[in-house]
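A.B. asks: Chain order of the listed sequences is P, F, B and V.
For the first sequence, position 105 matches number 105 in my numbering, and the numbering has no gaps at all.
For the second sequence, position 5 matches number 5 in my numbering, and the numbering has no gaps at all.
For the third sequence, position 18 matches number 18 in my numbering, and the numbering has no gaps at all.
For the fourth sequence, position 56 matches number 56 in my numbering, and the numbering has no gaps at all.
It is worth saying that the hints were derived from the structure and are not from the lab.
Here a beta-carbon is modelled for each residue, glycine too, at the ideal position from N, C-alpha and C.
You may find that some hints are simply not true.
Unchecked claim - Taking lysine to aspartate or glutamate pairs in the EDC-like style, the calculated list, with each CA pair at most 20 Å apart, reads:
#	chain 1	residue 1	chain 2	residue 2
1	F	270	F	293
2	V	73	B	150
3	V	335	V	322
4	V	296	V	348
5	V	176	B	150
6	B	184	F	123
7	F	203	F	227
8	F	261	F	318
9	V	114	B	162
10	V	317	V	370
11	V	298	V	379
12	V	397	V	305
13	V	114	B	244
14	V	296	V	370
15	V	335	P	110
16	F	436	F	233
17	V	268	V	360
18	V	362	V	71
19	V	37	V	379
20	F	343	F	123
21	V	119	B	36
22	V	298	V	370
23	V	114	B	153
24	V	297	V	262
25	V	335	V	360
26	F	343	B	199
27	V	176	B	244
28	V	188	V	393
29	V	298	V	118
30	V	37	B	153
31	V	187	V	162
32	V	68	V	379
33	V	73	V	348
Claimed, not checked - Label-pair restraints from in silico Cβ distances:
#	chain 1	residue 1	chain 2	residue 2	range
34	P	218	F	485	55 to 61 Å
35	F	82	B	30	55 to 61 Å
36	V	404	B	97	52 to 58 Å
37	F	445	P	183	54 to 60 Å
38	V	134	B	174	30 to 36 Å
39	P	280	F	373	25 to 31 Å
40	P	136	B	262	18 to 24 Å
Here is what each chain is made of, one letter per residue.
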Amino acid sequence: MRMRKARALPRAKVVPEAPPVWRPAVGPDLVPALLVFAATGLLVVGMMLASPSFGSFDQLTAILVTAIFLVVASFGQGLVILLGGIDLSLGVVIGIGGMMVAGLTRGSNDALMSAIPLTLLSCAGIGLINGIGVGLAKLPPFITTLSSGITFFGVALGITAGSSQQPVAPALQTFMNSGWLGLPYPILFTVAFVAAAWLFQNRSAEGRKLYAIGSSPGAARVLGLPVAALTIAAYAISGLCAGLTGILLAGYAASATLDMGSALLMPSIAAVVIGGARVTGGSGPYLGTFAGALFLSTLSTVITALSFSQGLRDIVQGGIILIALLLQSGRLNLRHHRWRWAHHQQGGGLT
Amino acid sequence: MDVAAPPLLAFRSVCKRYGATTALDDVSFELQPAEVCGLLGENGAGKSTLVKVLSGVVAPDTGTIRIDGKPFLPRVIADARARRVSTAFQELSLVPALSVAVNLFLPRPAINRFGLVSTRRIEADAEQVLQQHGVTDISPSALVGDLPLGMRQKVEIVRAFSHRPAVLLLDEPTAALSDRQWLFSLIARALRDRTSILYISHKLDEIRALCSRCVILRNGRKVLDSEVAALSDDAIFSSMAGRSVGEVFVRASTEIRRGAKPVLEVTHLKGSGIDDIGFSVAPGEIVGVAGLEGQGQSRLFKALVGLSPLQTGAIAIEGVTVAIRSPRAARRLGVILVPEERKSEGLFTGLTTMANISLPVINQASRLHLVNQASERRLVETVTPAVKLPERYLRLSISALSGGNQQKAILARALLAGAKCLLLFDPTRGVDVGAKQHIYAMMRGFVRGGGAILFYSTELDELVGLCDRCLVLYRGAIAGELARAELSQDVILALASGHSGGRTRRANPRAHA
Amino acid sequence: MTAASQLAQVRSVAAGGSAAAFVLLCIMTGIYAVHEPSALSAFGISNLLNNTVVLALAASGLTLVVLCGELDLSGPGVMAIGNVVVATTSTGSLGATGNLAAVLAIGAAVGGLNGFLVAYLGLQSLAVSLGSLIVCQGVALLILPAPGGEVTDTIVQAVSGDIRAIPAPALIMAVTAGLWLLLKHSRLGVALYAVGADEPSARLSGLNTRTTKLSAFVMSGIVYAIAGFVLSAEIGSGDPRVSDSFLLFMYAAVAIGGTSLGGGRGGVLGTLVGACILSVLQKMLFALGVADFYTNIFNGVIMILAIFFGQLSAWLARARHRGQG
Amino acid sequence: MKIDCGSRLSTGLIPAALVAALVIGGIAEVSARDRYKVFLNMSYSGNTWQAAAANGIKALAATPPYDKTVEFKTVISGTDVQHQISDLQSMIASGANAIILYPLSPTALNRVIKQGCDKGVVIFTYDSTVTEPCAHNVSNITARYGANTAQWMVNQMGGKGELIFNHGVAGTTVTKTYDEQAYGVFKKYPGIKIVGDFYGNWNDATSQEEVAKILAAHPNVDGIWTVDGTYGSLQAVLNNRPGRLVVIAGQSNNGYRLMLADPAMQAKGLKGISSSAGPAVGGYAFKLMMEVVTGKKKLTRSNIEYPLPWVEAADVKVCQGDSFVGGCNSFPAGKVAPLFIDTALNGELLPELGLAAVQEGKATPGARIEPLPDVHYADNLPGINCSNCEPTEDWLKPNRVAPIAVP
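Based on the sequences and whatever the hints tell you, model everything.
C.D. replies: Structure follows, in structure tokens:
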């Protein structure tokens, strides 16, 4: 009886133990992503002010088209980082993907329908091996993927001598270099890819489980989530995405070399981290990763537009990354500073 | 009240806000020399914040603190220590990768003339400190991470006492501690050294045994500050909860369905840390497990869901012998563990409460593998009433919830996962009084529906109050089994400490060898 | 009680992982020596050490940051700046010592910046150090836009020659090991492990986790700078890009040496062994006649095996202990 | 002719080996062993250029008589200079007679190279150079690619127009040298405006991305200067404004050469020069090195200039077979990938090589090594192929193309 009485008490009297007075329209984990989108916008606006020739519709499209590689690659990297891992074989797998699709199509469209699945499957297979190393053999992801990258680079080098001797299927080149209703296919592809990636990472049951495993591997084990299987799957998807990146890159450049993916490895990690994910896993929505990829692509364009020496370009690029990090973490936004910092500022306020 | 003596610690109008939440709202109280003052309140009432403010972990927004009449503004732990304020934290502040000795002397372990930390010397010092505090069963060279939780708590407490503080803060010191008398004697000795102690606990009997006075916080505000003796239990509970609370244990009738096949039956279980354990749990039955720290209870619970390897023995679920090699297999059979380490093994801190609960059945709430939030919510709301988890918490990150509500969410998840047999390992640890009641109610409801519960608790009164039967573990084996009629804290304690009670069977003579 | 202390010992050895790595190093050196008789000659050993010392130093610096639970990519950047500064100024008025001091100051500054952003502003170390890596590479390119410059013979001789018949790189590595042992047993060393293993507990234990992390970054910056200085002596010139390829090998050396990339476990001794393994691995493969692209394949496979071996021996040590206890 | 040459080679082999032993000195085991121990040390690997160069060398090493007289081994060191040093040490220690390498740094390897020379090892670098005088650099870095191509472009553009400048890899001597030369030329003509410059890293995909972005902002670009990444740069133009192409200078990809010669492309304004460093420099260096090792040739100076490839639209001639015979210098479109580098083959200096040789590293059936003509010694370029030396006075000026007057 008494219990029932207690339950009948009006809600307002119950202690609110959690904060949300300020209830934003977006989840708090989306804030970094939005800030990075904003930073991207700032970059574009800043450049438009500085140089009037910058920022035309054509140029923005060009940025988006070339962002496709990083967008695709960073999704796989993001999934792996979500589990607290890392995929350092990504650059090599991109190269292998490109080489395979070139080698299998041999410059004709006929083999494309079998070449693409075969390429993707092989690249996913490399990811699978990474996943088995991390998920079942419990080897550290860093060293597992680094080693498998080196190993498969060697294998591919042995098979191909380092460069594709065949041109890529023309259909793939057409796809990467033309459009529909004025919109380049790569942009349409990016939109579809981002939607699918977002649905998978943030709306699907499997995505939810990946967050759970990344957030607390111990609890995931106790609860009986398929930790090993999902870990393997995440690495396999990372391999798949790298392979897809390789195919797109080969289509774009009309040819492939084994080392063409190495320039994407660091940016793929940076995109995920700048988007707000923690490398320890379990955090960061996909849109953050996408924002990070877009930001880095735009940044590289802006840097190109500045006619500096490479040294100065690097300094500006590194500096802007640091500023973006400060912005993303809210350190430059004085209204929302976190308590850890506030503590030190206000510690002396006791009088 | 003793007006003449100046207070040792004066806490004046202290406020602390975290963002939009007010954790401490104009709290004032005093601590006299050589007094034990109880600090009570539900989780989230502000006790932990108060402890953190006093120990220098967080700075208050406004208000003053004085010790011996001088302003006290600790900015880091070291500042507080310098003013002889020392704390035994609830969440235990020991570094698992370091030895007991190093932990005892952090942050400034003794160094030799070369400026190096001398392992031999600090281990000798640590040995001495531990002995001075009546601890003989912990090696100073052991890594804290290798110790069971109860021993870690002992080290934490010894560390707080070893600083010879003027003000000692003990935050839930008995949460994992089985030997309360040891702590009480330390407290008595400290009082003789004129130490003032702020004692935070959910356990009313401890407050009554130790404290002359108690302060009750609710909602960040002080709601009561009075002599303990003058207060009835009911008055204390209702001050804490802001409403009256039902009787602690209501378990009038038993729900055991005799004749039905036992939900869980284990025979001759042997594995690391457990030695020939056999018992069965019938539908509708709550079987308690008692034991001092480290007697195999943790291994037993883990072995039942495949987390700890078994050498021999059989497990049967509803009469069918099964092999449980992983928690996943256990879950399919309806055996669900609510684990000991809530933070690392129970919670997915990155997820919302809703996602935490729905996780095991998330595929049921999905179409084409995409989560349908409405059906997820419907699923979750089938179990939240059973644990009385208010629905407004569902959207919040689970890390924003109090311990009690976190535990409710974990229990809700276990229910939703289709539990037939719940393995509850100390489910009420660090849970406030109100939430405890809800957990008890949920347990009763669960067995009423034909479920079975294996229930370990460090709090003997819970075992006595709730269980139909109680197994007492000693050195990895069942030292005795007590029927409901025989249950009392004294008998359990006697068995648990290796004294076989006269009327109980010796389940396994080899256990004492 | 002895059981507990045994356990502690087993744990510390196993967790260090350096024992397993050391055994592996001995095996590999053995294979190498059998196939290449000149391996154990003074010339062979001196060459090997000269090849190892830069990676060993750089990875040691990284170990300090990794131990306290953070990641650092800025090492090659600091090394690049160190290298080009030495190459452009060592023949000038600064002199060898002044040069070293300048380089150390740069390393400390970069480490300090990383440390401040990570420890005091709570930014993610991986991202921060990626930014500072790029900035450092830019600075190096500004100072020396293309390979060139000259390192004075004083420095070359001091760092890569022999000192009383002992190769200087051996001395450098020995001193590194010695300094590490001192650090490990100092209060700061204990704090490093504590912060890396469990930062909240370390804070509640009264450790200043921020200054600990800052110190780790500053120390590592200084060690990277030394690595850059030694690199300059090894190659006798400046090259703004020469250190770029060190990054992944630094991590490999740390991981093979048994340091957990999650922090709190491992140490510089293991890292030194790890760096030696990577050098000897290359020599061993050459001596075994592995050439061409097979080298890559073997490199990758053996790195995995090295880690696996370490984990297996740690696991066995624990299992054996459990069996006894 | 071929047979004659071959027999002369084989009969001359044994005395040649003896001579070589005398020349090299200090290696007693050379005469004891009947094969020369020769190493190819690659650094970068996994791209078309390096693969073609290495394959050419491998094919030559498998071509008679070297298939019988040379014990050849390839070692890939990767991009880590310490690895390269270590591998070079291993080679020297294992008794190498000769080492041909692609050095990662012009200065960092000097010490180990000196060690090798002191032990009598013949050391050749290809394409990239070192400043240690005891090694022989075979390269066309001294052939003023930057000045000549820039001047050629200026001439084609009539001294005015918008230009994209595609640097190579930042922080390398090649990029620095060529940039300096090309900038020097472009600066002389105020009508030439550089509207965008970027570091294309000698990479077609990167170049294509960057050119696409610059074109979006500067739609009226008239010319693109590149060292490599030429085909990618041109692809970007083709995709962006297929009706109006550019004046361009750069690499010798097969696809690029075919486009240059395509009248349809020329009608749209494509004017290009195919030059830049060819992978055949590796094969040439190998042959030269072997002639030195076998005592056929004595070199009096360290630096040898490999002739700068120079193919304008009118010079493009498609081959019918698998090798460059009769002055042809490219392949039909379906035969090789567009990124195949035509300068991997050299009909005059390396007639032994065919398509299979540079694609798979296999000797052309029936081929025998033919002797090289006299070498052309290279100019000094301080910090690149020598230290403490003076460059020729006019090293920044074109020496192959006559400048037009400033309009």
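A.B. asks: Against each hint, give a clear statement of whether it holds in the structure.
C.D. replies: Status of the hints after comparison with the structure:
no., hint, verdict
1, 270/F x 293/F, "holds (19 Å)"
2, 73/V x 150/B, "violated (33 Å)"
3, 335/V x 322/V, "holds (9 Å)"
4, 296/V x 348/V, "holds (19 Å)"
5, 176/V x 150/B, "holds (18 Å)"
6, 184/B x 123/F, "holds (17 Å)"
7, 203/F x 227/F, "holds (16 Å)"
8, 261/F x 318/F, "holds (5 Å)"
9, 114/V x 162/B, "holds (18 Å)"
10, 317/V x 370/V, "violated (24 Å)"
11, 298/V x 379/V, "holds (18 Å)"
12, 397/V x 305/V, "holds (17 Å)"
13, 114/V x 244/B, "violated (25 Å)"
14, 296/V x 370/V, "holds (12 Å)"
15, 335/V x 110/P, "holds (17 Å)"
16, 436/F x 233/F, "holds (15 Å)"
17, 268/V x 360/V, "violated (37 Å)"
18, 362/V x 71/V, "holds (15 Å)"
19, 37/V x 379/V, "violated (31 Å)"
20, 343/F x 123/F, "violated (31 Å)"
21, 119/V x 36/B, "holds (17 Å)"
22, 298/V x 370/V, "holds (17 Å)"
23, 114/V x 153/B, "holds (15 Å)"
24, 297/V x 262/V, "violated (42 Å)"
25, 335/V x 360/V, "holds (15 Å)"
26, 343/F x 199/B, "holds (15 Å)"
27, 176/V x 244/B, "holds (19 Å)"
28, 188/V x 393/V, "holds (18 Å)"
29, 298/V x 118/V, "holds (18 Å)"
30, 37/V x 153/B, "violated (33 Å)"
31, 187/V x 162/V, "holds (13 Å)"
32, 68/V x 379/V, "violated (36 Å)"
33, 73/V x 348/V, "violated (26 Å)"
34, 218/P x 485/F: 55 to 61 Å, "violated (39 Å)"
35, 82/F x 30/B: 55 to 61 Å, "holds (56 Å)"
36, 404/V x 97/B: 52 to 58 Å, "holds (56 Å)"
37, 445/F x 183/P: 54 to 60 Å, "holds (58 Å)"
38, 134/V x 174/B: 30 to 36 Å, "holds (34 Å)"
39, 280/P x 373/F: 25 to 31 Å, "holds (27 Å)"
40, 136/P x 262/B: 18 to 24 Å, "holds (19 Å)"
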